[in-house]
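Those sequence lines, one after another, are chains A and B.
Residue numbering for the first sequence follows the numbering used here, beginning at 1 and increasing consecutively.
Residue numbering for the second sequence follows the numbering used here, beginning at 110 and increasing consecutively.
Check before you lean on any hint, since a few could be wrong.
So, partial list: chain B residues that the calculated Cβ filter (under 10 Å) puts toward chain A [stated by the list, open to error]:
#1 G125
#2 N127
#3 L154
#4 Y157
For each label pair, taking beta carbons as the anchor points, the in silico distance ranges come out as [as the list claims (entries may be wrong)]:
#5 A:Q14 / B:T186: 39 to 49 Å
#6 A:P109 / B:N135: 35 to 45 Å
#7 B:N135 / A:T80: 21 to 31 Å
#8 A:P109 / B:R217: 41 to 51 Å
#9 B:R217 / A:Q78: 37 to 47 Å
The set of hints was computed from the structure by calculation and includes no laboratory data.
All figures in this text were calculated on a predicted structure; none of them were measured in a lab.
All C-beta atoms in this analysis are idealised placements derived from N, C-alpha and C, irrespective of residue type, glycine included.
What follows is each chain in one-letter form.
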Amino acid sequence: GIQVEQSPPDLILQEGANSTLRCNFSDSVNNLQWFHQNPWGQLINLFYIPSGTKQNGRLSATTVATERYSLLYISSSQTTDSGVYFCAVNAGNNRKLIWGLGTSLAVNP
Amino acid sequence: DGGITQSPKYLFRKEGQNVTLSCEQNLNHDAMYWYRQDPGQGLRLIYYSQIVNDFQKGDIAEGYSVSREKKESFPLTVTSAQKNPTAFYLCASSISPTSPQHFGDGTRLSIL
């Protein structure tokens, strides 16, 4: 089945810094989603982005479907950005989301 | 407000006991899902349901059971056959199986 790999596994930033998180997938996908899980466990859907670029405030995401990767950009990071960022994909006739293992982000004041 | 409600937030189980986790949504979504998350790990799919009165096993269904008698409700029972039930359980829903998934706040289950 399709494999989803995220990098880096861990990231530490100073407040105000920018960062790029990467998600590679091993086959063509129907959709791709980015999620943020805060330190209390709440999981928030950030982007639904099977291809192209989307922006929401300080966050943006780009998926290059032909090259099988997606990038999540965080600009001017804040302590509230801390948590784990997950990438998940849907492929072929599979109705299930396949999840990466996440990137754990810590933003220090 | 529309959303997904999971209860309880914390749950303790004795050895040999079945427990049921509640998941209710008022988003009018057809599809619902149960995931398990262990510390420092990603999400693993337990069961999912694409429509009322229908559900399918996910990747780790052994020791769990579900029902989908109403569109808005998808309870998960953790049976005594699940030997390592301590985990964080997340419920999600989506308009359709390939639409964005939205999550409840989760239930933390621990063994006494």
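For each hint, the structure was consulted:
1. G125: violated, 27 Å
2. N127: Because about 24 Å separates N127 of chain B from the closest Cβ in chain A, which is outside the 10 Å limit, the hint is violated.
3. L154: Holds: closest Cβ of chain A sits about 6 Å from L154 of chain B, inside 10 Å.
4. Y157: Holds - the Cβ of Y157 of chain B comes within 10 Å of chain A, reaching about 7 Å at its closest.
5. A:Q14 / B:T186: 39 to 49 Å: The hinted range 39 to 49 Å holds for Q14 of chain A and T186 of chain B, with Cβ atoms some 46 Å apart.
6. A:P109 / B:N135: 35 to 45 Å: holds, 38 Å
7. B:N135 / A:T80: 21 to 31 Å: Check passed, 27 Å falls within 21 to 31 Å.
8. A:P109 / B:R217: 41 to 51 Å: This hint is violated: roughly 28 Å between Cβ atoms.
9. B:R217 / A:Q78: 37 to 47 Å: violated, 26 Å
Violated hints, listed in ascending order, are 1, 2, 8, 9; each of the other numbered hints is respected by the structure.
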